[in-house]
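Novice: The residues making up each chain are set out below.
Protein chains: 2
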Amino acid sequence: MRKIGISELEDIAMGAALLGAGGGGDPYVGKLMAINAIKECGEVTLMDPEEVPDDALIVPMAMMGAPTVLAEKAVGGKEYKTLNDMVSRFFNKEIFGFIPIEAGGVNSMLPFAACARLGMPLIDADGMGRAFPELQMVTFTIGGMSASPMALTDEKGNCVIFETVTNKWTEDLARAVTMACGGAVSVSLYPMTGAQLKKYAVKNIVTRSQKLGEAIRTVKNSGDMTPEEHFLKFSEGYKLFKGKITDVLRETRGAFNFGKVMLEGINEYKGQSAYVEFQNENLSATVNGKLMATTPDLICLVDKETFSPVTTDGLKYGKRVLVVGLKCFELWRTPVGLDLVGPGYFGIDTEYIPIEERCKGGDA
Amino acid sequence: MRKIGISELEDIAMGAALLGAGGGGDPYVGKLMAINAIKECGEVTLMDPEEVPDDALIVPMAMMGAPTVLAEKAVGGKEYKTLNDMVSRFFNKEIFGFIPIEAGGVNSMLPFAACARLGMPLIDADGMGRAFPELQMVTFTIGGMSASPMALTDEKGNCVIFETVTNKWTEDLARAVTMACGGAVSVSLYPMTGAQLKKYAVKNIVTRSQKLGEAIRTVKNSGDMTPEEHFLKFSEGYKLFKGKITDVLRETRGAFNFGKVMLEGINEYKGQSAYVEFQNENLSATVNGKLMATTPDLICLVDKETFSPVTTDGLKYGKRVLVVGLKCFELWRTPVGLDLVGPGYFGIDTEYIPIEERCKGGDA
Numbered sequence: 001m002r003k004i005g006i007s008e009l010e011d012i013a014m015g016a017a018l019l020g021a022g023g024g025g026d027p028y029v030g031k032l033m034a035i036n037a038i039k040e041c042g043e044v045t046l047m048d049p050e051e052v053p054d055d056a057l058i059v060p061m062a063m064m065g066a067p068t069v070l071a072e073k074a075v076g077g078k079e080y081k082t083l084n085d086m087v088s089r090f091f092n093k094e095i096f097g098f099i100p101i102e103a104g105g106v107n108s109m110l111p112f113a114a115c116a117r118l119g120m121p122l123i124d125a126d127g128m129g130r131a132f133p134e135l136q137m138v139t140f141t142i143g144g145m146s147a148s149p150m151a152l153t154d155e156k157g158n159c160v161i162f163e164t165v166t167n168k169w170t171e172d173l174a175r176a177v178t179m180a181c182g183g184a185v186s187v188s189l190y191p192m193t194g195a196q197l198k199k200y201a202v203k204n205i206v207t208r209s210q211k212l213g214e215a216i217r218t219v220k221n222s223g224d225m226t227p228e229e230h231f232l233k234f235s236e237g238y239k240l241f242k243g244k245i246t247d248v249l250r251e252t253r254g255a256f257n258f259g260k261v262m263l264e265g266i267n268e269y270k271g272q273s274a275y276v277e278f279q280n281e282n283l284s285a286t287v288n289g290k291l292m293a294t295t296p297d298l299i300c301l302v303d304k305e306t307f308s309p310v311t312t313d314g315l316k317y318g319k320r321v322l323v324v325g326l327k328c329f330e331l332w333r334t335p336v337g338l339d340l341v342g343p344g345y346f347g348i349d350t351e352y353i354p355i356e357e358r359c360k361g362g363d364a
Numbered sequence: 001m002r003k004i005g006i007s008e009l010e011d012i013a014m015g016a017a018l019l020g021a022g023g024g025g026d027p028y029v030g031k032l033m034a035i036n037a038i039k040e041c042g043e044v045t046l047m048d049p050e051e052v053p054d055d056a057l058i059v060p061m062a063m064m065g066a067p068t069v070l071a072e073k074a075v076g077g078k079e080y081k082t083l084n085d086m087v088s089r090f091f092n093k094e095i096f097g098f099i100p101i102e103a104g105g106v107n108s109m110l111p112f113a114a115c116a117r118l119g120m121p122l123i124d125a126d127g128m129g130r131a132f133p134e135l136q137m138v139t140f141t142i143g144g145m146s147a148s149p150m151a152l153t154d155e156k157g158n159c160v161i162f163e164t165v166t167n168k169w170t171e172d173l174a175r176a177v178t179m180a181c182g183g184a185v186s187v188s189l190y191p192m193t194g195a196q197l198k199k200y201a202v203k204n205i206v207t208r209s210q211k212l213g214e215a216i217r218t219v220k221n222s223g224d225m226t227p228e229e230h231f232l233k234f235s236e237g238y239k240l241f242k243g244k245i246t247d248v249l250r251e252t253r254g255a256f257n258f259g260k261v262m263l264e265g266i267n268e269y270k271g272q273s274a275y276v277e278f279q280n281e282n283l284s285a286t287v288n289g290k291l292m293a294t295t296p297d298l299i300c301l302v303d304k305e306t307f308s309p310v311t312t313d314g315l316k317y318g319k320r321v322l323v324v325g326l327k328c329f330e331l332w333r334t335p336v337g338l339d340l341v342g343p344g345y346f347g348i349d350t351e352y353i354p355i356e357e358r359c360k361g362g363d364a
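Residue numbers (this note's numbering), protein chains in the order written: chain A, 1 to 364; chain B, 1 to 364.
Hint data in this document are derived by calculation from the structure and do not stem from the laboratory. Glycine is no exception: its CB is placed at the ideal position from the N, C-alpha and C atoms. A portion of the hints provided could be inaccurate.
What the hints assert, rightly or not - Straight-line alpha carbon distances no greater than 20 Å define the calculated DMTMM-like cross-link-like pairs of lysine to aspartate or glutamate that follow:
| id | chain 1 | residue 1 | chain 2 | residue 2 |
| --- | --- | --- | --- | --- |
| 1 | B | Lys327 | B | Glu357 |
| 2 | A | Lys168 | B | Glu155 |
| 3 | B | Lys156 | A | Glu163 |
| 4 | B | Lys156 | A | Glu305 |
What the hints assert, rightly or not - From chain B, some residues computed to sit far from chain A (all C-beta separations above 10 Å):
| id | residue |
| --- | --- |
| 5 | Val29 |
| 6 | Gly144 |
| 7 | Ser146 |
| 8 | Lys156 |
| 9 | Gly157 |
| 10 | Ala176 |
| 11 | Gly223 |
| 12 | His230 |
| 13 | Lys233 |
| 14 | Asp303 |
| 15 | Arg333 |
Claimed, not checked - Not close to chain A: a few residues of chain B, all C-beta gaps over 10 Å, as computed:
| id | residue |
| --- | --- |
| 16 | Gly143 |
| 17 | Ala180 |
| 18 | Asn204 |
| 19 | Arg217 |
| 20 | Ile353 |
My request is simple: use the sequences and hints to build the entire structure.
Specialist: As structure tokens, this is what we get:
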């Protein structure tokens, strides 16, 4: 158990944006909300999952909808208490703590704002260890857990509770209400016990985000290593490519951002080419025509000089980036995990091969 | 307090379809569901509103969406218990009885099915005394009551509870979920106390429906009167026109059925013409270019020979109909009532003039 203040938050936001694998929205907006809440209400207690009682009620909270809409509508601050009251009332039991549902710019930060405002601990765990585009894509689904009862509220004070027959129905009905509410709402879903948390959550993801963020911030203080060597070492990343963005293709279909970013090699990759395909998050990286990494492993684009993460929203012509691959959480590599988030689900015509296999003999 | 069996139900369905003023869907489908429930579970107790304790929890229940979809999907029978459990759990209090939200073919019958299956009394009252197309168009809105908490369930078992900041938001969010669920769902809304029921509901509407239905069934046994005289007498109807349907214009916009039915006079109306405009329900009747009746008064088309009601769904070329106007419930004639359901709300360019004024010197 330790306290998280504003300086820790800066590092966590940076690291979580890296783990967002291109998705999860602008870290700036989420961070502002969390910083404001901590300034007004004080630091947040971060609790290790092992410290949580087995029968405690733990609830992931997040925003649902388009992060770009969130940047305009914002979250009022009342929403956290509303969600808390809706869920506690439903279960007739107090919520012990919140967890983030995913890593990423926005959803890693909102639970800090919630916990600060409600004086509640944040548990150091999430349901993805990265970001994914759909509601059922959480390790809790692997554990057979239900997304519902799911609570939803908007900045106007409208409140909806869903109990659905499948997690896909939760997605469909909550998506319909999210659109009717203007495109961005606050939700809590996959309510669970402390025992379930310990079994299925991605543990210590906040601490990992913080360490990653701290390392990015101090990447130049690397002694004998070059900053890039340093970055690859602490991130345990596989270097996939380095290049200049020459084109970004984007298409919005069914509330998702699909696209492809084209890269022209620079430095040691001069004369080579690569592309990364995405659906909100990066899905696959292809270098010189060869597939080098696929979901569920993380494919991250970072600024070549500062190593700060570049989200799919922020892809721009001419930007120079390093493409790195990170191993995903182990449960995603099980057959059930791969059914949920493997290359096949996203229409990529390949078997899943772990990144460390694909990159054998590479730079890592 | 009295028992309602299958023969009473037949009359109630017929009378309620007349009070549906063209809307409310096919009485046949609703009646089948109620008859099946009574056959399986026994007769329903119909209770006078004055017999209801002031602190009792009373809940209107209905189907939301397109009655034409309901005819295909049906209501499974589990939905009533689900709604009951959702609402009781929300208030932590047992529901004392259901009421219908409106008159009309489907929504006057489903509460009978619910009460039969749950062994619960049906209270002899509703929220319109007719049918209207939108969720906020109930006398309870005049009483400042909230549509939410509103419970919604579908035949698959998905459950949603809404608590919204206005009744218009209830309409918007519930409509979005209804569409996502396939176009027809079961709902309960405007939960109220017995005291509120007594103050704002349209009382004894079931009994009135039954008397109307019985009179239509026996319209030929009218002694000295012609069947038509008999029908106009017991319905307290104003005769507006008699004619043959020469055209029906229909347009579906925003989940509503808009349209206009053109009539060519027959018998004593030979050589004259009329038309009736509708939005699910009939909104206005114009005879020889003169407006003869508008919402909120009831405009009903009935078969010229049998006097059985013709819904807007059932309008067909060549059908011979009598057009009658009935006085609406008194609360609809107040300024607040007219704001909700008067001609202005529906875009009809006229002040509301009660039907008995418009028809002065007419046939009634």
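Novice: Each hint: holds or not?
Specialist: Structure-based check of each hint:
For a cut-off of 20 Å, the pair hint linking Lys327 of chain B to Glu357 of chain B stands: about 11 Å separates their Cα positions. The straight-line distance between the Cα atoms of Lys168 of chain A and Glu155 of chain B is roughly 16 Å, inside the 20 Å bound, and the hint therefore holds. A hinted pair counts as satisfied when its Cα atoms are at most 20 Å apart, and Lys156 of chain B with Glu163 of chain A qualifies at roughly 11 Å. Restraint check: the Cα-Cα separation between Lys156 of chain B and Glu305 of chain A comes to about 54 Å, which exceeds 20 Å; the hinted pair is violated.
With a least beta-carbon separation of about 25 Å from chain A, Val29 of chain B lies farther than 10 Å from that chain, consistent with its non-interface assignment. Its beta-carbon lying about 18 Å from the closest one in chain A, Gly144 of chain B satisfies the requirement of being farther than 10 Å from that chain. The beta carbon of Ser146 of chain B sits about 12 Å from the closest Cβ of chain A, which is more than 10 Å, so the claim that it is off the interface holds. Listed as outside the interface, Lys156 of chain B is inconsistent with that label: its C-beta sits roughly 5 Å from the nearest C-beta of chain A, within the 10 Å cut-off.
The non-interface label for Gly157 of chain B is inconsistent with chain A: the shortest C-beta to C-beta separation is roughly 5 Å, within 10 Å. For Ala176 of chain B, the non-interface assignment is contradicted: its Cβ lies about 4 Å from the closest Cβ of chain A, within the 10 Å cut-off. Every CB of chain A lies more than 10 Å from the CB of Gly223 of chain B, the least distance being 57 Å, so the non-interface label holds. Residue-level check passed: His230 of chain B sits 49 Å from the nearest beta carbon of chain A, beyond 10 Å.
Non-interface status of Lys233 of chain B relative to chain A is upheld: no Cβ of that chain comes within 10 Å, the nearest being about 48 Å off. The Cβ of Asp303 of chain B sits about 40 Å from the closest Cβ of chain A, beyond the 10 Å cut-off, so the non-interface label holds. For Arg333 of chain B, the shortest C-beta to C-beta distance to chain A comes to about 32 Å, beyond the 10 Å cut-off, and the non-interface label holds. Against the 10 Å criterion, Gly143 of chain B stays outside the reach of chain A, whose nearest CB is about 22 Å from its own CB.
The Cβ of Ala180 of chain B sits about 4 Å from the closest Cβ of chain A, inside the 10 Å cut-off, so the non-interface label is violated. With a cut of 10 Å on Cβ distances, Asn204 of chain B stays outside the contact zone with chain A, its closest approach being about 35 Å. Chain A leaves Arg217 of chain B outside its interface by the beta-carbon criterion, the shortest separation being 43 Å against a cut-off of 10 Å. For Ile353 of chain B, the requirement that its beta carbon stay farther than 10 Å from each beta carbon of chain A is met, with the minimum near 37 Å.
The structure fails to meet hints 4, 8, 9, 10, 17 from the earlier list, while all remaining hints are met.
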